[in-house]
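Visitor: Sequence order for the protein chains is A, B, C and D.
Under my numbering, the first residue of the first sequence is numbered 450, with each subsequent residue one higher.
Under my numbering, the first residue of the second sequence is numbered 481, with each subsequent residue one higher.
Under my numbering, the first residue of the third sequence is numbered 100, with each subsequent residue one higher.
Under my numbering, the first residue of the fourth sequence is numbered 1479, with each subsequent residue one higher.
Hints are computed from structural coordinates only; laboratory data are not their basis.
Hints are all accurate, no fakes.
Keeping only pairs whose Cα atoms sit at most 25 angstroms apart, straight-line, the calculated DMTMM-like set for lysine to aspartate or glutamate is:
no., chain 1, residue 1, chain 2, residue 2
1, B, K571, D, D1984
2, C, K272, A, E501
3, D, K2048, B, E688
4, C, K125, C, D185
5, C, K528, C, E190
The following label-pair restraints were derived from C-beta to C-beta distances:
no., chain 1, residue 1, chain 2, residue 2, range
6, C, A132, D, F1549, 34 to 40 angstroms
7, D, F2013, B, R758, 39 to 45 angstroms
8, B, T768, D, M2049, 34 to 40 angstroms
9, C, M292, A, L549, 23 to 29 angstroms
10, C, N271, A, Y541, 40 to 46 angstroms
11, A, R473, C, P526, 54 to 60 angstroms
12, D, R1863, B, V649, 52 to 58 angstroms
13, D, I1522, C, Q145, 52 to 58 angstroms
Glycine residues also receive a C-beta, built at the ideal position from the N, C-alpha and C atoms.
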Amino acid sequence: MTHLVDIILSFVLLSIIFSFGSSRLQGLIKALAFQGVVVSIVPFFIGHDITEGGVLFSLTTLLIRGIAIPFYIYRFIEKVAAHRELEPIIGYNGSIFTGLLLIVAAMAVSRKFSVPSASTSLLLLPTAISLLVGGMFLLMARRKAITMILGYITMENGIYLVGTTFSVRAHHIVEFGILLDVLAGVMIMAVILQNIKLKMQSGGEDTSLNIISKE
Amino acid sequence: MTPIIIFIPAILSAPFFPAIILKVKAFFGGKKGPPLLIQYYTLAKLFKKGSVYSTSTTYIFKLGPMVSLSAALTALMFLPISGAAPLFSFKGDVLFVLYLLGLGRFFTIAAALDTASPFEGMGAAREAYFPIICEATTFMIFILFYRLTGELTLASFFYGNHPLELWRVAGAPLAFVVTAFFIVLLTENARVPVDDPATHLELTMIHEVMVLDHSGPDFGFIEMGSFCKLFFYAAIVSRLVFPFDLGHPAMNLAAFSLIMLLIYAAVGVIESVMARYRMDRVPKFVLTSFALAFVATIITLEFVK
Amino acid sequence: MVEILFLIPFLAGVLAFFLTAKSARKTLVATGALHFLLSILLWVYQPGAIIPAYFKTTHSGLLSLLVISLLFLLISIYSTAYLDIDHIKKENVFIGTMLLFLSTMTMVTLSDHIMVMWIAIEATTLASAPLIYTHGTPASLETTWKYVFICSVGIAMALLGSVLISLSMEANKVDVPMSFSALATVAKNLDPMWLKAGFIFILVGYGTKMGLAPMHTWLPDTHSEAPSPVSALLSGVLLNCAYLGIFKTHKIMVNAGLGDFSGTILMAFGIISVLAAATFILRQTEYKRLLAYSSIENMGIIAFGTGLGGLGAYGAILCLIHHSLIKSSLFLTSGNILLSYGSRQIEKTGNLAGHMPKTFVAFFAGFLGISGFPPFGIFIGELLIIIGAFQAGRTVWAGIFIFSLCTIFAGFLNHAMKISFDDHQAPIKITEKARMIWPQYVLLTTSAVLSFWIPDALYRTIVNAVVAFGGGF
Amino acid sequence: MNSTRAKGMNMDLFFLSLVLILLGGTLAPIFNRRFTLMKLIAVITLCAGCLLGLVDAGSKLIHGGSYRYAFAYLNALSLEFQIDALSAFFLTTIFFICFCSLIYSFHYLNNAEKAFRISVNYMLFSLLMISMALVVAAGNIIAFLVSWEIMSLSSFFLVIYNYASSENRQAGRLYFIFSHVGAMFILSAFAIIYQHTGKFGFIDAASLSHGAKLLVFIFSFIGFGSKAGVFPLHIWLPHAHPAAPSHISAVMSGVMIKTGIYGIFRMYAILELHTPVFGSIVLSAGIVSGILGVVYALGQHDLKRLLAYHSVENIGIILMGMGIGMLGVSSGKPVMAVLGFAGSLLHVLNHSIFKSLLFMGAGMVLQKTGTSSIDVLGGLLKKMRITGTTFLIGSLAIAGLPPFNGFISEFIIYLGAFKGVVLTGMTFVLSLLGIVGLAVIGGLALACFTKVTGVVFQGEPRSRAAENADEKGVAMLVPMVILAGACVMIGVYPEPFILMAIRGIDSLNLGYAVIPLEGFVAITGSLTRAVTAFFAVVLGIFALRVFLYRDKITTRSSTWGCGFTRPTAKMQYTGSSYAASILSFFKPVAPLSEHHPRIKGIFPEETHYFSHVHDIAERYMKNLTVIPVMALFDKLRWIQYGDIHLYIGYILLAIIVLLFFI
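Please take these sequences and the hints and turn them into a complete structure.
Guide: If you want it as structure tokens, here you go:
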């Protein structure tokens, strides 16, 4: 029987494809926000007994991942008035194609792993993997620093999915760690980015990003 | 006592034999040639004279003749002249003798270079060059002899009828050895076709040019030294071509002297019928001697096994 | 009570933000000294932790801690002199961050819980980023960006790895706290597949931080951009912290009977790193990058040794300690060179022996130490590792290893001689200050002494640390 | 520090001497303010140390037996030292030569401006001595390697003593790289031993399998060979030895490179390689380096470089002796074995004596004329009688001529080789080649040193510098005289020294009962007699000469120019031209490149000629190692050109690849 979670997760998978295909930052951010919301509510749907601590964590995560970060980045883009174009290193069609392949591969791979709580959902592991690798793909395939941050967050979503849903007695310390990671990571990156923007008025943001330095 | 009795006259007769060469050459030239005792006269004349020393020279210049002469003399002490027992003999004296002659050569060259004369340097360079190959040959020959006799002394090779033994075991190949050694003789003693002692142009000389500046008794020593050296090699060759022991020392001596005459004559003949090689040809000529010795060794090993 | 060790520098750091440059410096040195004192005391008494679930004094931790606090003390002293010449706009911020950096690193060495260690290491990244950005030039900015980004991605991997390890507990319903010490005891019961996966992610993650090729890419830029005291800290201490994570995980693997798996992977990374270092040292043009690559080399050596186990593991720990001592001294010296020649280019330097004899001695001694010559400890470390490699029958690996070591030596020698002896007329910008020399000398002397005599306590600690890998003799 | 003392207290005398040397070394920099005082203190203390060590080593050599010590090291390891007859023999050599060169250094290092550097030089020198002594005394892997590396280190610094010149820096670089790579080879050889025995000591290394032994021997042979300067691993040597100050070159060329020889001896001893293959390797290597060494020497224009190449030659001779010894063992001929090894060991001693003597002579020339380029010198014998004479003696010795020490060792090696000639198969062929090789080497060495003495010390000075040279500095003359005396002494009365060498090889445990020494004593005795005879003859001739020259007028005039009336010093035969014809014979192995503008016109302007003999080893070493390695690593450099996206890719790649291994 298909689990309710699977339906949501399939949307997440779609969002990955979409994010691969979207040529504009805004689109990317929307996809991201969606992912953030989903991954943070997934735990509710998985049949664990939910402790209030768990609820608290999930809500904070929802707040941060689904709302705070995307909003912050949205504002940021407005502020630095970055070009809306993404300047892909790998083209959109190519990216979409890769995305599809990626999902298929993820499916195949996840067959091989025996998840402790596999009973609950089939798509969980594939989605996690797809998010993870998809995030890295964005890191590699998009030239803009801002996009790289987005990719990083996608990756984090994947990790979060694994971390929260698979370890049954959800170790809060784990969740806390992940939270700290994404928060701190994104914050400091944004700060640097801002500085870059300020420093490199001349060339605009892009110059700072396909920076080529000596080996 | 016999060694001394043999040794002294040998030394004294050393200056005699070269006269034969001159005679033979003269004969070929259709001339009467110098008296047989010419070399003795020369020596006497030189010993009477005083000397002129170049301002460039040092004590090495004076040392040279003495050392080369002494080396040659000492070498003769180890040689069983006419198959009689030598003055000295010990395990490996062959090496000692060869290196002693080397010492003599070192000082001849050093003395030559002492004069700062470009010509003598030229001669010295050649004197340093060709004997290297000769030594290789000589050692090759002695390796062969060692295989045959298991000894490493001149005495064991050339005493009494030991040479006969060599012939018996080695057989025909020993002829090669004799040839090789004869070539060595020509080279080491600066004879045609390696060097022409009678030429006029210093540029083409080896031994003669090196001693240009020596005069008086010093030059006498040098002459004497080269006579002894020639005598040394000739004596060895003679033992090889006439390996027999006639029983009595006197008869041996007679036979020996005869053979020596023949050898010197042969040298004379060669000098008369051959021209001196171009300098860059000489190494090839000397190398043939090494090749001969080598072939001889390899062939003989078949018999000795 | 061990928490004090990282709390004190933390508070001091926060305090420093509100101080003037002068007093901030005092705080820096004072904290360094206090920290050193405390870690000595820690060695003596080995007290328990307030939160034993998270913190614990382990043998490996103690070793790194001692190295850290010794290095920090000396580096802080050097920095006071360094800051006189190399002017930094917000000095108190700089010093404050340094102290925070210290506290995070101390936390790494003391943390026993997998997640806590991960958090601590993440924190080191965050704390060190401002230090690298100190000069605020576009280049340094770019470098900082690279550093933060690559490390964050790496660390994220490590995070996933930690999660997977918890999964490996779930899989077999193992119910123990997620602490290295606890897991090491029950390692046998963990689910091997998830454990392997976890190890791989942790290795890659922390390996990125430790500077193992091919994840080392952030390291050269960072070390050459950062002010020399910072590079010294990064190379001498931070890398060890990352290594600590790998080391402890590897221990779990060994106890779980997966030692061959993890060991081989470690060795592979080690060899790759050494080769990578060789590649870039041969034709290097900047001496700070040169030193950075040499750090990569040494991390490779250490990983290789750890993977070998036995003699190799012991050698690896020796290399770890001595590398920290020598390399940080080298970076401090490079600071002197940079300040006096005003260029990072090897081309622009020369005749160090003539211009600054004292610095030259520190520099060349450091070079000899780092390339494995007695009387410095890396010599004996490498010796043991190579012998260990043969002992383990890894002849081919050893062959490649030795080959790369020789190449690196050749390359490094060329540059070192260029810097030390080549002709150079242009005048020197600074005079040699005592405070900019003797910290290096202390470090080098320590290494020299330790390579002939190791205190028994230290020796026992080392052996206990590596005993799991059949270390010692 | 628990030192398990074996025989009484004279073991500790050894370490006492080392401590004394160390003291001398450390005192020097302390007193560097007072130049002469510093030199005095340093030289005296160091000399005292050397003498002490000399006495100790000598007594150990005489009393035989082996003395062991162990010091706890790094809690679990230990530094073990063992002095047996072999070590003692090398120790004797080391301390003797160092002693001489220390005395020499007192006047050689006379530049007061460089006081500090000179004091450092003394410190490093003391380190070098200590490390050399410890190398030959080392009893386990760690002790050996530590001492070995310190030796390389100190000698490297001594080579770049005068680092202002880029050649010296280059030389030092080359040398350092070679010694490090060599050390790595040695290390891996030892590691293989450890792999099989599981011990850091050398004991029961003999239990290795034959394959392992072969591997160990090859590795260690490469390692030690590169230190000893075996062709083709010698290429650092002709660069490094000229670069170092002469008293150091004397020590490096005289004794330091012998530690390589010691290593090979030691490996042979501990591995008990009683199969022919090892002997064959060593002997062939010996022949090649012997001949090529002297050929290249003949082609050199720089005095010290020339001498350096002669070290290669003599190492070749030493190895030939060793190889013959090994072949003797493998083919069950004890006498041949003893002859070979004894000859080899004795040549170690002899070479160290005359080579350091020659380097000191070269140093004197260099210091007084400011150049060591052969073709601009000349006529020095008139200005430097003692230097010239001792140098002449050294040349005669190195050319292996009687009655000097070089001849003795070569003589014994010859005897051994001749013993091998009666055998069959490989042994026969190699022995034959060995003998011929030795003969050729002898001839070439003679040519080479007639060139040196003739061009440098005889004839007319070719330059201003050479004209007004002198030989001030007693401290420099004394050691030269001592060494020259030693040359003659060993040459005339070799018995004790040969017995010393034979005692030295006792510790090679060849698996034979000790064979009676009468035979050898007999040989030495007869050598002495023969030499005496020769001397008698010389005296006789001399007497005759005196007699002939009584009341004769001997006049002096200029050399007879063969009709050319205005000779100049420039017209003399130069060293290059002297060697040209011989070199042409060896063109294939010693390619000669010449540069000189062609002479044109009836009145051609001034021209010049320059020739250089290429060392094929140097050529091929570069093409076969350096260039490929560089190319390889240059190819790898693309992996990091600064694109952060690529870097992320690496991380992903690493993970994906690793996941396959689960």
